[in-house]
Amino acid sequence: MTKTLSIILIFLTVLLQTTLLDFFVIKGIKPEFTIILIVYYALFQGTKSSIVVGGILGLLQDILSGGLLGLNLITKSLTGYIFGLISNKMVVLNPFNQSFIAFTATLVDGILAFFIIKVAPISAPGAKIFFNMLLPQAGYNSLICIMLIPLLSKLSKRYSVKKKRI
Amino acid sequence: MILIALLAILLMTLQIRTGERPTILTMPVIYLYQGAHKLINQGVKQVNGVWNGYIWLIDAKDENTSLKKELNQLKELNNRYLEYQQENKRLRRLLEFKKESSMMVVPAQIISKDSSSWFKTLLIDKGSDDAVKKNQAVVTHQGIVGRTIEATGNASKVLLLTDLNSSVAVLIQRNRAEGIMIGSEQEECRIKYLPRISDVKVGDVVITSGLGGIFPKGLRVGEITQIKKKDYGLFQDARLQPYVKFSELEEVLIVR
Chain F
1 MTKTLSIILI
11 FLTVLLQTTL
21 LDFFVIKGIK
31 PEFTIILIVY
41 YALFQGTKSS
51 IVVGGILGLL
61 QDILSGGLLG
71 LNLITKSLTG
81 YIFGLISNKM
91 VVLNPFNQSF
101 IAFTATLVDG
111 ILAFFIIKVA
121 PISAPGAKIF
131 FNMLLPQAGY
141 NSLICIMLIP
151 LLSKLSKRYS
161 VKKKRI
Chain H
1001 MILIALLAIL
1011 LMTLQIRTGE
1021 RPTILTMPVI
1031 YLYQGAHKLI
1041 NQGVKQVNGV
1051 WNGYIWLIDA
1061 KDENTSLKKE
1071 LNQLKELNNR
1081 YLEYQQENKR
1091 LRRLLEFKKE
1101 SSMMVVPAQI
1111 ISKDSSSWFK
1121 TLLIDKGSDD
1131 AVKKNQAVVT
1141 HQGIVGRTIE
1151 ATGNASKVLL
1161 LTDLNSSVAV
1171 LIQRNRAEGI
1181 MIGSEQEECR
1191 IKYLPRISDV
1201 KVGDVVITSG
1211 LGGIFPKGLR
1221 VGEITQIKKK
1231 DYGLFQDARL
1241 QPYVKFSELE
1251 EVLIVR
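These protein sequence lines map, in sequence, to chains F and H. Following the working numbering, the numbering of the first sequence begins with 1 at its first residue and continues without gaps. Following the working numbering, the numbering of the second sequence begins with 1001 at its first residue and continues without gaps.
To be clear, the hints were calculated from the coordinates, so they are not data collected in a lab. Errors might be hidden in some of the hints.
Unchecked claim - Subject to a maximum C-alpha distance of 16 Å in a straight line, what follows is the list of computed EDC-like cross-link-like pairs (lysine to aspartate or glutamate):
id	chain 1	residue 1	chain 2	residue 2
1	H	1045	F	22
2	F	128	H	1187
3	H	1098	H	1251
4	H	1217	F	22
5	F	128	H	1185
6	H	1245	F	22
7	F	27	H	1248
8	F	118	H	1185
9	F	27	H	1251
10	F	3	H	1248
Said to hold, decoys possible - Far from chain F, by Cβ distances over 12 Å, these chain H residues were calculated:
id	residue
11	1074
12	1129
13	1154
14	1158
15	1159
16	1178
17	1247
Unchecked claim - Simulated coverage check for chain H against chain F, where a stretch passes if three residues somewhere in it have a Cβ under 8 Å from a Cβ of chain F:
id	region
18	1009-1017
19	1027-1037
20	1040-1046
21	1187-1199
In this text, a Cβ means the ideal position worked out from N, Cα and C, and glycines have one as well.
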C-alpha cells in the first residue's frame, strides 16, 4: 500500500470515527475502525507499518478527543506492534481468523488503555467496563472486520496494479 | 516503538503537570478536521433529504413521471422546510432560555463527538476567537451539558457531565441538600456526599448550587432515579438521570 493511500485512509478513518460512526452506536457501543485499520496493517503490511499507522491514528484520536493526550498514541501503536509480531509468525487469510484477531486487538487496546488510565491521576472506570464496553465493542469490531478487511485488501491490490502499469 | 512510547509518556506528563494541552500540536489538527467535519455534517443532512425522497418514490410508483418529479421536488423542499423548522424550534428554545436566564451566552454547534469510548467529550465550533475560555459552563434549554476544557481559535472541547472526570456542585431543589455530582460509565451520573439525614426521594429535581464558580446557580441538571443509603456513614449516594439527551445534541450555549 502506498504512502498516499495510507495517509488518505488514516485521515478518513479518524474522520468517520468522529462523525458518521455515531449513527452505528448500539446501546452506547461504537465500533472502532481505527483498530480494524491497525489489524489490517499488522496482517498485511508488517510490524513497522502497523506501529506507525497505529501511532498516527492514536495521536489524531488523542488530539480530537478531550481525554488524556498520548493515551491512544501508546495503546494503538503497541497494539500494532503486538499484532505485527504475531502476523510475522503466521499468515492469516481466513476472514474468520482475521475477525478473531480484530476481537483480540480490541481487547488488548482496551486493557492497555484501562491500565494507563488507572495509573494516571485521572478518574478511572471500574473493572465492570470490561463487560459493559470492551467485550461488546470487541464483538462489534470483529463483525465489521469481516466486511472491512477484504475491502481494504481490494483497495490495496487495485492501487498496486495501477502503480505497476505506470 | 520506544520513540513512540517516550513521546506518549512526554505528552501525558505535560498534560497532567500543566493541565493544558500543547496547542502547537492540537490546533492544526483541529483546524484541519473542523472543515472536514462541517462538510460531513452538511452531507449527512443532504443524504437525509435524498433518503426521505427515495422512500416517497417507492410509495408513488403508480403515478406518472412528471407528477413524480414534481412531487419529488416538493418532497425535497418539504424535507428542507421540516429540517429548518426543527432547527428553528431548537434555536427558538435556546433563545427563550437565553432571554429568561439573563446570562451572557454564545451559541455553538456541535462538530463532532469523542472518537474514543473512554472519554465523553464534544467538539464545538466556537473557540477563543469568540471569547470562549477554559472552564465555562455549556448548557441547553434542557439543562447543563458540561464545561469547556480547551479552547483553540474557532473550536472548543466540552467535557460532558457524564464523563468520569466531570464533577459539579449540585443541590436538591426541594430540600436544598448539597452534593457533588460526578459522571459514570453509563449515560447517567452519581451524586456523592449528600448528607445522610437529608430526605432525598426518587424524582427529586437537581439543580446547580453555584459553588465551584463554573456553573451559575439554579440551572437544571436532572432527576434522582435511585438512592443508595448504607446502614452507616455520614453520607448517602444517589443516581441521577440528566435532563439533557446527549445523543440528540446539535446546538449548545456557552455561558460567559
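Results for each hint:
Distance restraint check for residue 1045(H) and residue 22(F): the Cα-Cα separation of roughly 14 Å lies within the 16 Å cut-off, and the hinted pair is therefore satisfied. With a C-alpha separation of about 15 Å, the suggested pair residue 128(F) and residue 1187(H) falls inside the 16 Å cut-off, and the hint holds. About 13 Å separates the Cα atoms of residue 1098(H) and residue 1251(H), which keeps this hinted pair within 16 Å; it holds. The hinted pair formed by residue 1217(H) and residue 22(F) fails the criterion: a straight-line CA distance of about 33 Å is larger than 16 Å.
Using a Cα cut-off of 16 Å, the hinted pair residue 128(F) and residue 1185(H) holds, with the two alpha carbons roughly 9 Å apart. Taking the CA atoms of residue 1245(H) and residue 22(F), the gap is near 14 Å; set against the 16 Å cutoff, the hint holds. The hinted pair formed by residue 27(F) and residue 1248(H) meets the criterion: a straight-line CA distance of about 14 Å does not exceed 16 Å. Distance restraint check for residue 118(F) and residue 1185(H): the Cα-Cα separation of roughly 14 Å lies within the 16 Å cut-off, and the hinted pair is therefore satisfied.
At roughly 23 Å between alpha-carbon atoms, residue 27(F) and residue 1251(H) are farther apart than 16 Å, so this suggested pair is violated. A C-alpha spacing of about 38 Å is found between residue 3(F) and residue 1248(H), which places the hinted pair above 16 Å, so the restraint is violated. The claim that residue 1074(H) is not at the interface with chain F holds, since no C-beta of that chain comes within 12 Å of its own (minimum 27 Å). With a minimum CB-CB distance of about 19 Å to chain F, residue 1129(H) clears the 12 Å threshold, and the non-interface call stands.
No beta-carbon of chain F is positioned within 12 Å of the beta-carbon of residue 1154(H); the least distance is around 15 Å. Non-interface call for residue 1158(H) relative to chain F: violated, since the shortest CB-CB distance, roughly 7 Å, does not exceed 12 Å. Listed as a non-interface residue, residue 1159(H) fails to keep its Cβ farther than 12 Å from every Cβ of chain F; the least gap is roughly 6 Å. With a least CB separation of 21 Å from chain F, residue 1178(H) remains clear of the 12 Å interface cut-off, as annotated.
Under the 12 Å C-beta cut-off, the non-interface status given to residue 1247(H) relative to chain F is violated; the minimum distance is some 7 Å. Closer than 8 Å: that is the beta-carbon criterion, and the region 1009-1017 of chain H has 7 residues meeting it against chain F, so the requirement of 3 holds. Counting residues of the region 1027-1037 of chain H whose beta-carbon sits less than 8 Å from any beta-carbon of chain F gives 5, enough to reach three: the coverage restraint holds. Counting residues of the region 1040-1046 of chain H whose CB lies closer than 8 Å to any CB of chain F gives 3, which reaches the minimum of 3, so the coverage claim holds.
Given as covered by chain F, the region 1187-1199 of chain H fails the check, having 1 residues with a CB less than 8 Å from a CB of that chain where 3 are the minimum.
The structure shown violates the earlier hints numbered 4, 9, 10, 14, 15, 17 and 21.
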